[in-house]
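Asker: Listed below are the residues making up each chain.
There are 2 protein chains.
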Amino acid sequence: MNLYVVRHAIAAPRGTPGIPDNDRKLTRDGISKMKQVAAGLRSLGYVPDLILSSPLVRARQTAEILLQAFGKKIELRMVPALAPGGVRRDLYREIVSLEDRKVKNLMIVGHQPSLGEIAGEIAFGAAQSYIELKKGGFCAIELESMQGTPKGILVALLAPSILRNIKRKAPIARI
Amino acid sequence: MNLYVVRHAIAAPRGTPGIPDNDRKLTRDGISKMKQVAAGLRSLGYVPDLILSSPLVRARQTAEILLQAFGKKIELRMVPALAPGGVRRDLYREIVSLEDRKVKNLMIVGHQPSLGEIAGEIAFGAAQSYIELKKGGFCAIELESMQGTPKGILVALLAPSILRNIKRKAPIARI
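Order-wise, the sequence lines are chains X and P.
Each residue of the first sequence is one higher than the one before, counting from 1 in our numbering.
Each residue of the second sequence is one higher than the one before, counting from 1 in our numbering.
Next up, chain X with everything else stripped away, as it sits in the complex (with noise of 0.2 Å):
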C-alpha cells in the first residue's frame, strides 16, 4: 500500500479572536494554494482510493478540495486520531485493517507536528525523525510491513511551491 500524507493547506491564525482552534477555515489564499497543491498531486499520479482526515475545519476543507480536483469517486473519512493530540495507535490499526480491504493508495490528512511524526515513525522507525510539512506539503510512503507500526519507505517529499507549479510531461507509468 501507498501511503500518501498531505498537511492541511493555509488556515487563519491560531488565536484569531472569537475562533476556537478546532473551527479555524482556510483562508482564501489557502483555499486558492490548496487547488494548485491538488491540481499537481493529480497531475503526478498521487490519487488516492480512499482519504482519511483529521475532522478539524481546515483538514476537511483540504481534504475536499482534494476530493474535488481527483474527479473521482474517493470515499472521504475523518478520523479523530489525525486531530491534534490524537492516539496514533488508534491511526496504525486503521491502516493496517484497510490492507484486508484492498486499499492500495492511502491518502491521510492532518496536522503538524503530529503529521510528520507519524510520517517520521513509519519511515525511519523514530518518531523524533520528524519529517517536516509545509501546509498542503507532501509526501509519500511505501508501506512494506504491516505489523503494529507500520514500516515503510520514503519515496517522496514534495513542498507546496513545487507542487503548484509543476504539470505533467506525459503520462508516469510508475512512481
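A portion of the hints provided could be inaccurate.
[Claimed, not checked] As a list, the in silico SDA-like pairs of lysine to any residue whose alpha-carbon atoms are at most 25 Å apart:
(1) K167(P) with S161(X)
(2) K151(X) with K135(P)
(3) K151(P) with E117(X)
(4) K134(X) with G152(P)
(5) K73(X) with E121(X)
(6) K167(X) with D29(P)
(7) K151(X) with R42(P)
(8) K134(X) with R42(P)
(9) K134(P) with E121(X)
(10) K134(P) with L67(X)
(11) K135(X) with A12(P)
(12) K134(P) with G45(X)
(13) K134(P) with A159(X)
(14) K151(X) with Q112(P)
(15) K134(X) with N105(P)
(16) K135(X) with I74(X)
(17) K25(P) with A12(P)
(18) K151(X) with E132(P)
(19) K104(X) with L67(X)
(20) K167(X) with K135(P)
[What the hints assert, rightly or not] A partial selection of chain P residues facing chain X, derived with a Cβ cut-off under 8 Å:
(21) R42
(22) L44
(23) V47
(24) F124
(25) S129
(26) I131
(27) E132
(28) I162
Don't read these hints as lab results, they were simulated from the structure.
Positions of the beta carbon are idealized from the N, C-alpha and C atoms, including for glycine.
Please build the complex by placing chain P on the supplied structure of chain X, with the hints as guidance.
Answerer: Chain P only, in chain X's frame:
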C-alpha cells in the same frame, strides 16, 4: 546552504566481465534518462553553485550530464570521500568549509548506500535513518547547523521517474 544530493544514473551491472567496479560506465539508457532528470532538476530550480562528485566513472559521468543541463559555469570537483568506502568526516569537513566560501547551493553526486546514510544522518541525526535514492534520484536538505556533522531539514525527495516527467508551469520563486 542547500545541499542537493544526487545518486549516479544507471550503469553497467556490477560484475560485468572485464570491467572493474570502479570503471563501470553509465549505459546508453542511463545517460538518456539522466539527461531528462537533469532537465527536471533545472526546471525546478535545483541548480547548484558547485558540484562535488565521487571520482568513480559512473558518478563523474552523472555530474557531467548535470553540468551540461544546467548550462552555466559551475565548478565540478572530485571528492574521494564520496566514493564507496569514503571517509564521511572528510566530506562533512568539506561541506562546512564551503559555507565560509559562500557556496549557497551545493550538489553532491555519489553512491548508495553511503549517500542515503549521509542524507539520513544530516536530516535526521542518525545514519540508520537511511534515505532511499533510486539511480538518478534526488533529495534536498536545507542545512541549518554546521558544527561537525552538518544538520538540516529534508525539504524534497524526488524519484527519477518524476523528475523526468515534470516541467514548470511558472518560475518557482522559492523552493
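Asker: Does each hint hold? Answer for all of them.
Answerer: Each hint tested on the structure:
At most 25 Å may separate the alpha-carbon atoms for a hinted pair to count; K167(P) and S161(X) meet this at roughly 14 Å. Restraint check for K151(X) and K135(P): the C-alpha separation of about 23 Å stays at or below 25 Å, so the hint holds. At most 25 Å may separate the alpha-carbon atoms for a hinted pair to count; K151(P) and E117(X) meet this at roughly 18 Å. About 15 Å separates the Cα atoms of K134(X) and G152(P), which keeps this hinted pair within 25 Å; it holds.
As the CA atoms of K73(X) and E121(X) are separated by approximately 30 Å, the hinted pair breaks the 25 Å bound. A threshold of 25 Å between alpha carbons decides the hint, and for K167(X) with D29(P) the separation of about 24 Å falls inside it, so the pair holds. Taking the CA atoms of K151(X) and R42(P), the gap is near 33 Å; set against the 25 Å cutoff, the hint is violated. Pair hint K134(X) plus R42(P) holds up; C-alpha atoms about 22 Å apart against a cutoff of 25 Å.
Among the hinted pairs, K134(P) with E121(X) is consistent with the structure: their alpha-carbon atoms are about 22 Å apart, no more than 25 Å. The suggested pairing of K134(P) with L67(X) is violated, with an alpha-carbon distance near 30 Å, which exceeds 25 Å. Note on K135(X) and A12(P): the hinted pairing is violated, with a Cα-Cα distance of about 42 Å set against a maximum of 25 Å. Simply put, K134(P) and G45(X) have alpha-carbon atoms about 19 Å apart, close enough for the 25 Å limit, and the pair holds.
At roughly 20 Å between alpha-carbon atoms, K134(P) and A159(X) fall within 25 Å of each other, so this suggested pair holds. As the CA atoms of K151(X) and Q112(P) are separated by approximately 21 Å, the hinted pair is consistent with the 25 Å bound. Under the criterion of a C-alpha separation no larger than 25 Å, the hint pairing K134(X) with N105(P) is consistent with the structure, at around 21 Å. A distance of roughly 22 Å separates the Cα atoms of K135(X) and I74(X); the hinted pair therefore holds under the 25 Å criterion.
Only pairs whose Cα atoms come within 25 Å are accepted, and K25(P) paired with A12(P) is accepted, the gap being roughly 6 Å. Taking the CA atoms of K151(X) and E132(P), the gap is about 14 Å. The hint holds against a cut of 25 Å. For the hint linking K104(X) to L67(X), the alpha-carbon distance of about 17 Å falls within 25 Å, and the restraint holds. Taking the CA atoms of K167(X) and K135(P), the gap is near 23 Å; set against the 25 Å cutoff, the hint holds.
Because the closest C-beta pair between R42(P) and chain X is about 13 Å apart, greater than 8 Å, the hint is violated. A least Cβ separation of about 6 Å between L44(P) and chain X falls short of the 8 Å threshold, and the interface hint therefore holds. Taking 8 Å as the C-beta cut-off, the interface hint given for V47(P) is violated, the closest approach to chain X being about 14 Å. Using the Cβ-Cβ criterion of 8 Å, the hint placing F124(P) at the interface with chain X is satisfied: the shortest such distance is roughly 4 Å.
With its C-beta approaching chain X no nearer than about 4 Å, S129(P) sits inside the 8 Å limit, and its interface hint holds. Given hint, I131(P) at the interface with chain X, holds; its Cβ is 7 Å from that chain's nearest Cβ, closer than 8 Å. Nearest Cβ of chain X to the Cβ of E132(P): about 5 Å, under the 8 Å cut. The hint holds. Nearest Cβ of chain X to the Cβ of I162(P): about 6 Å, under the 8 Å cut. The hint holds.
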